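Let the hints inform the model, and build the full structure from the sequences given.
Number of protein chains: 2
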Amino acid sequence: MDDTPKVWDFCTNSALKRASRQLGQLYEDVLSPSGLRGTQYSLLSQIAHSKNASLRTLADLLVMDLSALGHTLKPLIRDGYVELVPDASDRRVKRVQLTPFGLKKQQETTDLWRKAQARFENALGKQEAEALRRALNGISETSFAEAFTRASDGTEPGAGK
Amino acid sequence: MDDTPKVWDFCTNSALKRASRQLGQLYEDVLSPSGLRGTQYSLLSQIAHSKNASLRTLADLLVMDLSALGHTLKPLIRDGYVELVPDASDRRVKRVQLTPFGLKKQQETTDLWRKAQARFENALGKQEAEALRRALNGISETSFAEAFTRASDGTEPGAGK
DNA sequence: TATATTTAGTGGCATATACCACTAAATTGA
DNA sequence: TCAATTTAGTGGTATATGCCACTAAATATA
Numbered sequence: 001m002d003d004t005p006k007v008w009d010f011c012t013n014s015a016l017k018r019a020s021r022q023l024g025q026l027y028e029d030v031l032s033p034s035g036l037r038g039t040q041y042s043l044l045s046q047i048a049h050s051k052n053a054s055l056r057t058l059a060d061l062l063v064m065d066l067s068a069l070g071h072t073l074k075p076l077i078r079d080g081y082v083e084l085v086p087d088a089s090d091r092r093v094k095r096v097q098l099t100p101f102g103l104k105k106q107q108e109t110t111d112l113w114r115k116a117q118a119r120f121e122n123a124l125g126k127q128e129a130e131a132l133r134r135a136l137n138g139i140s141e142t143s144f145a146e147a148f149t150r151a152s153d154g155t156e157p158g159a160g161k
Numbered sequence: 001m002d003d004t005p006k007v008w009d010f011c012t013n014s015a016l017k018r019a020s021r022q023l024g025q026l027y028e029d030v031l032s033p034s035g036l037r038g039t040q041y042s043l044l045s046q047i048a049h050s051k052n053a054s055l056r057t058l059a060d061l062l063v064m065d066l067s068a069l070g071h072t073l074k075p076l077i078r079d080g081y082v083e084l085v086p087d088a089s090d091r092r093v094k095r096v097q098l099t100p101f102g103l104k105k106q107q108e109t110t111d112l113w114r115k116a117q118a119r120f121e122n123a124l125g126k127q128e129a130e131a132l133r134r135a136l137n138g139i140s141e142t143s144f145a146e147a148f149t150r151a152s153d154g155t156e157p158g159a160g161k
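Those protein sequences? They're chains A and B, same order as listed. Numbering (the UniProt record's numbering) for the first sequence: 1 to 161. Numbering (the UniProt record's numbering) for the second sequence: 1 to 161.
By construction, these hints were calculated from the structure, which means they are not laboratory data. Any given hint could turn out to be false.
The list makes no distinction among identical chains, and a pair is therefore deemed to hold if it is satisfied within one copy or across any two copies.
[Unchecked claim] Pairs of lysine to aspartate or glutamate residues, derived as DMTMM-like cross-links and limited to a Cα-Cα distance of at most 25 angstroms, are as follows:
(1) 74 with 108
(2) 104 with 141
(3) 94 with 29
(4) 51 with 153
(5) 51 with 141
(6) 126 with 141
(7) 115 with 146
Predicted model, so just to flag it, every value in this text is computed and none were measured.
Structure follows, in structure tokens:
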């Protein structure tokens, strides 16, 4: 029989992407007066928080491919929000930091972010929002990836039931 | 004082994207033998499920921009999985359908998807997974977007507290 | 019915994100 | 110390996704 609907209804990956598109839109609408995309604001905030992190470190924190991070940073560097500073002791490493302009932008945009966040919490409910973030953060952990990779998919030789 | 950490910890939008990257990676690793990306498998499944939907309808179901859907479909059309059929009665409309080859691919790949899904449920727990999907699907609803847009962000004139 | 408005899709451009191949630098080990 | 391996980044290419401007077709309105 046709199990296509089941795939659609139960695929957490698809559900996650769909929700991510929706929420991304909603946040971006609120952030738009700043001229920053949602991702860009997130990135600036992470950079502000993880002072002087290397690209590698930042990529790991963001659960993002290193080269993807490099590409994503380019517009922010071009626009003067971010700069890469070569590390003195390890010449392979580049440290990422906000320019004064970038820091100012991040701080200003935080007011808009607060609005989006308030709307979100009001729309979903504080408890629900909190629980959702916990679940999502759990999935983002390295330990979750390990658990997933180790987990049974029902096809292992000798996997009972 | 510095509230940057708060932004990082509490931003549901960022948490959603991070988790989406992580889970996307994990699912793709499992699906990779099929040659389909995670998004592509989702798309084929949705097309199989929503038989003869127009691009517009499909985009709405996927909470996706119409033109984005058009772009995303291109590789699938090029590879012979999907075709666009002009509607007879409304000549603006194109209906999306799987080719026999595309249907076969979707069905075959469902075995891999089941593995990924099983791993996910085992790693997170069935209850948790179920609750997460419910929350995510709620956010994807049009009604959620409306609630978000209507919701107070604490800056309305006369908004008490 | 003729015009104004809305709707469906397309194509161009920009960002987001991944993989691969490659370079340079650091680290390991014989 | 010198070769083998690992690590950090970069650049190219491909998909994912959004916005805008534009065309064509349908619908609403005067």
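Going through the hints against the structure:
1. Taking the shortest Cα distances, residue 74 and residue 108 sit within 25 angstroms of each other inside one copy (21 angstroms), while across copies they are farther apart (40 angstroms).
2. When the C-alpha separation of residue 104 and residue 141 is checked against a cutoff of 25 angstroms, the pair qualifies neither within a copy, at 30 angstroms, nor between copies, at 35 angstroms.
3. In this assembly of identical chains, residue 94 and residue 29 lie within 25 angstroms of each other by CA distance neither inside one copy nor across copies; the values are 33 angstroms within and 29 angstroms between.
4. Taking the shortest alpha-carbon separations for residue 51 and residue 153, neither the intra-copy value of 40 angstroms nor the inter-copy value of 30 angstroms comes in at or below 25 angstroms.
5. Proximity of residue 51 and residue 141 under a CA criterion of 25 angstroms is satisfied intra-copy only: 21 angstroms inside one chain copy versus 38 angstroms between copies.
6. Taking identical chains as interchangeable, the C-alpha atoms of residue 126 and residue 141 lie at most 25 angstroms apart whether they share a chain (23 angstroms) or sit on different chains (18 angstroms).
7. In this assembly of identical chains, residue 115 and residue 146 lie within 25 angstroms of each other by CA distance solely across copies; the values are 15 angstroms between and 36 angstroms within a copy.
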